[in-house]
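Asks: Chains as they are written, first to last, in this note's numbering: chain A, 1 to 415; chain B, 416 to 506.
I should point out that these hints are in silico values taken from the structure, not numbers from a laboratory.
Note that beta-carbon positions come from the ideal geometry of N, C-alpha and C, so glycine has one too.
Among the hints, erroneous ones may be present.
[Stated by the list, open to error] With the Cβ distance kept under 7 Å, some of the chain A side facing chain B (calculated, not the full set):
#, residue
1, Glu25
2, Phe28
3, Gly29
4, Val33
5, Asp34
6, Asn186
7, Arg206
8, Ser240
9, Asn293
10, Ala305
11, Pro397
12, Ala401
[Said to hold, decoys possible] Every beta carbon over 12 Å from chain B, so not counted as near; a handful from chain A, in silico:
#, residue
13, Ile49
14, Gly125
15, Asp306
[Claimed, not checked] Below 27 Å or equal to it, Euclidean Cα-Cα: the simulated DSSO-like pairs (lysine-lysine) are:
#, chain 1, residue 1, chain 2, residue 2
16, A, Lys8, A, Lys122
17, A, Lys8, B, Lys431
18, A, Lys122, A, Lys3
19, A, Lys195, B, Lys439
20, B, Lys431, A, Lys195
21, A, Lys195, A, Lys122
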Amino acid sequence: MTKLKGLKCRECGRRYPSSPVHICEFCFGPVEVDYDYDALKGVITRQSIAAGPPSIWRYRELLPIEGDVAVGHHVGFTPLIRSQNLAEELGVRELWIKNDSVCHPTWSFKDRVVAVAVTRAKEFGFDTIACASTGNLANSVAAHAAEARLKSYIFIPADLEQGKIVATLVYQPTLVAVEGTYDEVNRLCSEVSDKYRWAFVNINIRPYYSEGSKTYGYEILEQLGWRAPGHIVVPCAGGSLITKIWKAIREFASLGLIERPATRMYAAQAAGCGPIVTMVKNDTDVLTPVRPNTIAKSLAIGNPADGYYAYRVVKDSGGYGEHATDEEIVEGMLLLARTEGIFTETAGGVTVAVTKKLIETGVIPRDESIVICITGNGLKTPDVLYERLDTHVTIRPLLSAFDRALAELKSQARS
Amino acid sequence: MPVLVRIPTPLRAVTKGAGEVQAKGGTVADLIEDLERQYPGLRERLVEEGGDVRRFINIYVNEEDIRFLQGKKTSLKEGDQVSIVPAIAGG
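With the hints as extra help, turn the sequences into a complete structure.
Replies: Here you go:
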């Protein structure tokens, strides 16, 4: 069972009962789930976790639900892949890829947070799930709401990639396309959530939702053989994932599940929307919002709510951050595909490109363990590649035609 | 010149339950002072001791975040709508 103690403001420490609230009534700081860690010591062991299901629910004692798992029984426990080819290409000794581009059921790490959020929303008695999304969250909320047989309202920026729109609509939610940026969608949803009694996973359910991201971190630690890596490169949008991976490391260390960690955390953002990395580079804890202009739409949050905390994690861990241009993002996607056979979305391209930069500039040493976070699937954002990729040959169905084409291709390759 | 101010749920205890209130001010800073006169205690919920808007609060004049305008010095005119919105997670 979960040792839930309630909610606690991250800023002023005020305590609240476990309820659908996301900010402190007094200081507006985000509230966070508080657990009874003393009661968990010795109860959660490597053996007890390993005996659990191959999903995020093997860590359920550290997740904020009280009853049975309602939806998303098969979410998580995605591959942690030891890279040979990309490691060689980047000139590093130990590189791992945590691959949530194959997370069940909607191919991004958002399934982790939504499975927790929808389960908790059902426990609170909501009949409608909602969210503001840059795409991946939309897919996942729509899918899990369908599984839970709940109504869903999904708010997205109207200019989202077609792939992400179709992969939301297929579950038949009510999809609201808003003419504006994600930040504007978010602001609208904040006001909608004040008016309608819905479970907005990223608003009033946020304290529970965001805890689901910890499982991405737990899996890295468990799959590495119960140890923390030297370096983790994390794509940042709202800034929550990087803080929750960091929390996962500290929780496992305090529960005695891993040795004392010395992990450095790195923030990866697009040059066209990189306010968190800008904080890191300028060494300031004041976030300056930006208007996003990048092909990495899933990371296009100009006013990230957890930006301050993401900055703190990077600084406290001794890590750093880097921006990737649109061109570098596409190169990153192609590099991962060419070397490892993994097709990630633009956000993954950001992570790969930033990792490459951080290694080349000597910020990440070549002889220590590195984990890169691939959090979404390339089939959702193929648009950015259309101009870059060509069919090599088109021929009639004749062997002689193929022979001629092959000779032509070989002579092109030589020249 | 009165402007409409939208009050988020966590602050409605201070505004006696009102989700929308009228207030006056030539700038956002003046507006906050007027809100404090009408609803004592509201100012400290919005700004820190040094006078900066709290880290997790966004203030919008019409559709624009005041950090894209002139911050607390952003001027207001009759008919403007001001929204106070807590920071929202997302993705």
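Asks: When the structure is checked against the list of hints, which entries are broken? Sort them ascending.
Replies: 4, 5, 9, 11, 12 and 15
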